[in-house]
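Using the sequences provided together with the hints, build the complete structure.
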Amino acid sequence: MEWFAGIGRHSLGKLAAIGRALFVLTGALVAKPSLKHVPLTIKQIYVVGVQSLAIIIVSGAFIGMVLALQAYTVLVDYGAEESLGPMVALSLLRELGPVVTALLFAGRAGSALTAEIGLMKATEQLTSLEMMAVDPLRRIIAPRLWAGIISMPLLALIFSAIGILGGQAVGVDWLGVDAGSYWSVMQAAVDFDDDVMNGVIKSVVFAFVVTWIAVFKGYDSIPTSEGISQATTQTVVYASLAVLGLDFILTALMFGTH
Amino acid sequence: MMNSRKVEILVGLFVVLALASLAMLAMKVANQGISGNGETYELKAKFDNIGGLKVRSPVKVGGVVVGRVGAIDLDAKDFTPVVTLVISENYKGFPETSSVSILTSGLLGEQYLGLQPGFSFEGIDTLKAGDFIEDTKSALVLEDLIGQFLFSRNND
Amino acid sequence: MQDLVRIENMSFSRGERPIYHNISLSIPQGKTTAIMGPSGIGKTTLLKLIGGQLRPQEGDILYKNESIPKMKRGRLFEVRQQMSMLFQSGALFTDMTVFENVAFPLREHTKLSESLIRAVVLMKLQSVGLRGAAQMMPSELSGGMARRAALARAIALDPELIMYDEPFAGQDPISMGVIVKLIKELNDAMNLTSVVVTHDVAEVMSIADYVYILADKRVIGEGTPEQIRDHDSELVQQFLCGQADGPVPFHYPAKSLEQDFLGSR
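Read top to bottom, the protein sequences are chains A, B and C.
In short: position in the first sequence from 1, add 13, done, that's my numbering.
Anchor point for the second sequence: position 84 equals 77 in my numbering, and the numbering is continuous, going up by one each time.
In short: position in the third sequence from 1, add 474, done, that's my numbering.
Bear in mind the hints are in silico, worked out from the structure with no lab data behind them.
If you're wondering where the values come from, they're calculated on a predicted model, not measured in any experiment.
Glycine residues also receive a C-beta, built at the ideal position from the N, C-alpha and C atoms.
One should not assume that every hint holds.
[Stated by the list, open to error] In silico EDC-like cross-links for lysine to aspartate or glutamate, where the CA-CA straight-line distance does not exceed 20 Å:
id	chain 1	residue 1	chain 2	residue 2
1	A	Lys49	B	Glu1
2	C	Lys522	A	Asp148
3	A	Lys56	B	Glu1
4	C	Lys585	A	Asp148
5	A	Lys49	C	Asp569
6	B	Lys121	B	Glu89
[Stated by the list, open to error] Quick list of the computed label-pair ranges, beta carbon to beta carbon:
id	chain 1	residue 1	chain 2	residue 2	range
7	C	Ser487	A	Gly40	51 to 61 Å
8	C	Asp690	A	Val43	36 to 46 Å
9	C	Glu614	B	Leu12	38 to 48 Å
10	C	Met611	A	Pro52	40 to 50 Å
11	B	Met20	A	Val51	23 to 33 Å
12	B	Gly5	A	Phe261	50 to 60 Å
13	C	Lys655	A	Lys27	44 to 54 Å
14	A	Phe36	C	Asp534	52 to 62 Å
15	C	Gly606	B	Met20	24 to 34 Å
In structure tokens:
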């Protein structure tokens, strides 16, 4: 009996958390956007986007290079080195660009968002905003949420572009695949709507979920040092799992049928 | 904290960098997909066997891509495959006598539709949107080829 | 004398744990009211109830005869612009300078020009003696200075009611004296209504016009400082004099000594 009660209590707790998360989301997004908050959002794009640029560029370059190296060793056995271009480009645009960007973003910017908001809560800054008749959901949460949703697709585009250039550096300049065929076979195989735009759509979905989890975990954290460190860990774990799970669903919907 | 002007400039550069990436992906990496940008019209063709033809396979005239396969269906009455060709408006006025065949690029490459424009005389209309191309050649299926080969050897 | 805030038969519990049971108190306009009590009694909770951040389970809280728990969110935000609260930690926004912190409520709630905002901010900082620290970041301030900066921010919009949450806690004697002086001055100069929640008896008795002592989920004593000093309740006297043992026992409720040391082994 106790066992069933445990399950029940646990499920109710989770349901309540989902309810609070939806409340945070609607409170932040449904409210009419105010022009006053545009500069705040720009500042947050700087914090979550521009400051993540270095890690995105470096990771993109290395992943493109490794991809080219690995693909080459397999493709060369079948005399199909020309397919290196599409191999690298499609892997990056459809999967690795959006997914790896989202994972890095969760680790780099998501955890920072959670910790920042959690600390604001612990130092009573959020309560003091409430008492100043300023809604913290609109003043603090909304700009961060928008900044994440705007930044991550941009980061993913940069990631893919840099990765393809990295693939070229290894494949063409080092392993000696013909530059013309690298690009032209790639062009023949990659479709703008199906591949580039679907990647961007994935990225927007991931951005939404990761940033939502990050700001909610911060807002809902227990305002103590353990509470915040736990919330930060949970942000990275939940966001990463959500990204990987959603990626499967989105891939099945976008590319699964043909 | 940095002053807001510097932040704005850096965010601006970030957005520009992302747009440049998008431009590169659009221009250099992806084909300027004929579906999507630009006006198109549709032609249809019936085949006995489409082999490995897929939706989005290219339609070529003498090696030049003029369109893509838009859809592949099975005719409900006579159970033959019907392929819808989506052709760019830039390439129109193919004569009615044109033929279309399923070809393979290279030995193991992907399959595509080869459109062979027919001769146009007086009294021969051009193909309009929705028209069927009557003259079609099906895909070569390896098993059929081998079978034919063995059959013709037995006749000797 | 008119009451700015009136609490009527209010009960509040957090989860299973009751914090207040059927308490009533009133806060007269233009006066300094002190609310004292042992720590952990939920004094901060009381301020949050007045600010409408928490809702009581029973009873009512009236601000200018308008029920705070029954207010819609929009109306509550309007009313909160007339209130202000000084948090124990100061709760300054750590990513802004002191100047921007004080300017914050002005920028959020008024459409004043930049030069006017500057004038108001410097005036408020002057009144707490921190005009020279305008461009410093909160992390560069000492605890006492941070609290004074927060006070400048709290009075930026010229509120009618200001609530101080443990303003003296953890301050050295000099900053304590400064804050006592500021609370007194602000109250007299701006005709503010002040609510001071604290357990520092001596400081608050010197400035309060009326005192409530809370313990055990209810009001155990009230009156002017003089009345409180002569109060006949043992509990009140224990609290005022800081005796270690009395009605509030030194020992947290526990099993008997015999049981704990010798018993279940």
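Do the hints match the structure? See the list:
1. A:Lys49 to B:Glu1: Satisfied, since the Cα-Cα distance of roughly 15 Å is no more than 20 Å.
2. C:Lys522 to A:Asp148: Holds, at roughly 15 Å.
3. A:Lys56 to B:Glu1: holds (7 Å)
4. C:Lys585 to A:Asp148: holds (18 Å)
5. A:Lys49 to C:Asp569: Between lysine 49 (chain A) and aspartate 569 (chain C) the Cα gap is close to 18 Å, so the pair holds against 20 Å.
6. B:Lys121 to B:Glu89: holds (9 Å)
7. C:Ser487 to A:Gly40: 51 to 61 Å: violated (26 Å)
8. C:Asp690 to A:Val43: 36 to 46 Å: holds (43 Å)
9. C:Glu614 to B:Leu12: 38 to 48 Å: holds (40 Å)
10. C:Met611 to A:Pro52: 40 to 50 Å: violated (19 Å)
11. B:Met20 to A:Val51: 23 to 33 Å: Once the Cβ atoms are compared, 31 Å apart, the range 23 to 33 Å for valine 51 (chain A) and methionine 20 (chain B) holds.
12. B:Gly5 to A:Phe261: 50 to 60 Å: Violated, since glycine 5 (chain B) and phenylalanine 261 (chain A) (Cβ atoms, about 36 Å apart) do not stay within the stated range.
13. C:Lys655 to A:Lys27: 44 to 54 Å: holds (52 Å)
14. A:Phe36 to C:Asp534: 52 to 62 Å: Because 26 Å falls outside the window, the suggested range is violated.
15. C:Gly606 to B:Met20: 24 to 34 Å: Violated: the Cβ-Cβ distance is about 58 Å, outside 24 to 34 Å.
The structure fails to meet hints 7, 10, 12, 14, 15 from the earlier list, while all remaining hints are met.
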